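> Here is what each chain is made of, one letter per residue.
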Amino acid sequence: MGIAVKFFASMRDLMGDDRELDAPIIQQHNIKTVDDIWNYCAAGKERPVNVLVAVNMDYVDGTTSVKDGDEVAFFPPVTGG
Amino acid sequence: MSVVILPEAFNPWQLLEDYQQKMSELDGKYGATAVFVGTMRDFNEGDNISQMFLEHYPGMTEKHLEKICTQATADYGLLDSLVVHRVGKINPNDPIVLVAVWTAHRKQAFEACREIMEDLKSRAPFWKKEQLNTGKKRWVEKNTKGY
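These protein sequence lines map, in sequence, to chains A and B. Using this note's numbering, you'd call the opening residue of the first sequence number 39 and step up by one each time. Using this note's numbering, you'd call the opening residue of the second sequence number 27 and step up by one each time.
FYI, nobody ran anything at the bench for these hints, they're computed from the structure. Quick caveat, the model's predicted, so the values are computed rather than measured. Warning: the hint list may mix true and false statements.
SDA-like mimics (lysine to any residue), calculated; alpha carbons at most 20 Å apart, straight line [claimed, not checked]:
hint : chain 1 : residue 1 : chain 2 : residue 2
1    : B       : K168      : A       : E109
2    : B       : K89       : A       : P86
3    : B       : K55       : B       : E43
4    : B       : K168      : A       : P86
5    : B       : K155      : A       : N88
6    : A       : K44       : B       : K171
7    : B       : K89       : A       : E109
8    : B       : K171      : A       : M95
9    : B       : K155      : A       : V98
10   : B       : K147      : A       : L52
11   : A       : K44       : B       : G85
12   : B       : K147      : A       : M95
13   : B       : K93       : A       : P115
14   : B       : K147      : A       : E109
15   : B       : K115      : A       : D51
16   : B       : K163      : A       : Y97
17   : B       : K89       : A       : Y97
18   : B       : K89       : A       : D51
19   : B       : K155      : A       : P115
20   : B       : K89       : A       : L52
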């Protein structure tokens, strides 16, 4: 199943397309938290200070644990309304 | 309670009238209706804006807006609430957002409408990309504070 990683708005411009992290990648890179996912996907790119994170469509912080089947999203401050 | 994400232009006043007509079970129960409509300007941060694209996070946006309305219902005793938000290409003067609440008394209606709107502006996952009259495009970096 893996972990689906989504980027929105300016974060997609920075990080490129959405990713699907399969079990071997998760195991090989010892991915356990949201921060681990960022570090894997960013490949050295600096993380903007104001980036927001959601796991399964709820706001979380970077230390939140992730598991197989989760959907993780990174996005900039919201600007609707 | 109803949350609607719309990819096409809408008339908030017509939509409001249609919605209220379907609330007949609340006839005689509400004494206050508070409504907020947000409309696209043709200027921002000193530049003329010709068009805007509104992106959202399908699923999370609806989930978050429903959570806001549920919380407001508990906090202010809302009898009903309606949130409608545009996505996609938007032109100046197009309505972007409609928030309406129905309560027994005006205090709760004013406060709940404001709170839903402020939470939407600061937490609901939408993002605006503006196109300037010069053709340049840019993401709006943050919303102004409402309080």
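> Is K163(B) close enough to Y97(A), meaning Cα to Cα at most 20 Å?
Distance ~28 Å between K163(B) and Y97(A) Cα, so the pair is violated.
> Hint check: K147(B) vs L52(A), CA-CA at most 20 Å. Holds or violated?
The hint is violated at about 23 Å.
> Does E43(B) lie within 20 Å of K55(B) when you go C-alpha to C-alpha?
OK: K55(B) and E43(B) at ~17 Å, within 20 Å.
> Would the pair K147(B) and M95(A) pass a check requiring their Cα atoms to be no farther apart than 20 Å?
holds, 17 Å
> Verify the proposed pairing of K155(B) with P115(A), using a straight-line Cα cut of 20 Å.
holds, 13 Å
> Between K155(B) and N88(A), is the straight-line Cα distance small enough, at 20 Å or below?
holds, 18 Å
> Hint check: K168(B) vs E109(A), CA-CA at most 20 Å. Holds or violated?
Violated - the C-alpha atoms of E109(A) and K168(B) are around 25 Å apart, more than 20 Å.
> Within a Cα-Cα threshold of 20 Å, do K89(B) and D51(A) meet the stated pairing?
violated, 25 Å
> Between K89(B) and Y97(A), does the CA-CA distance stay at or below 20 Å?
Distance of about 11 Å is within 20 Å: holds.
> Regarding the pair K171(B) and M95(A), is the alpha-carbon distance no greater than 20 Å?
Distance of about 24 Å is beyond 20 Å: violated.
> Holds or violated: are the alpha carbons of K155(B) and V98(A) at most 20 Å from each other?
violated, 25 Å
> Check whether the Cα positions of K89(B) and P86(A) lie no farther apart than 20 Å.
At roughly 25 Å apart (the allowed maximum being 20 Å), P86(A) and K89(B) break the hint.
Checked against the numbered hints above, the structure violates hints 1, 2, 6, 8, 9, 10, 14, 16, 18 and 20; every other hint is satisfied.
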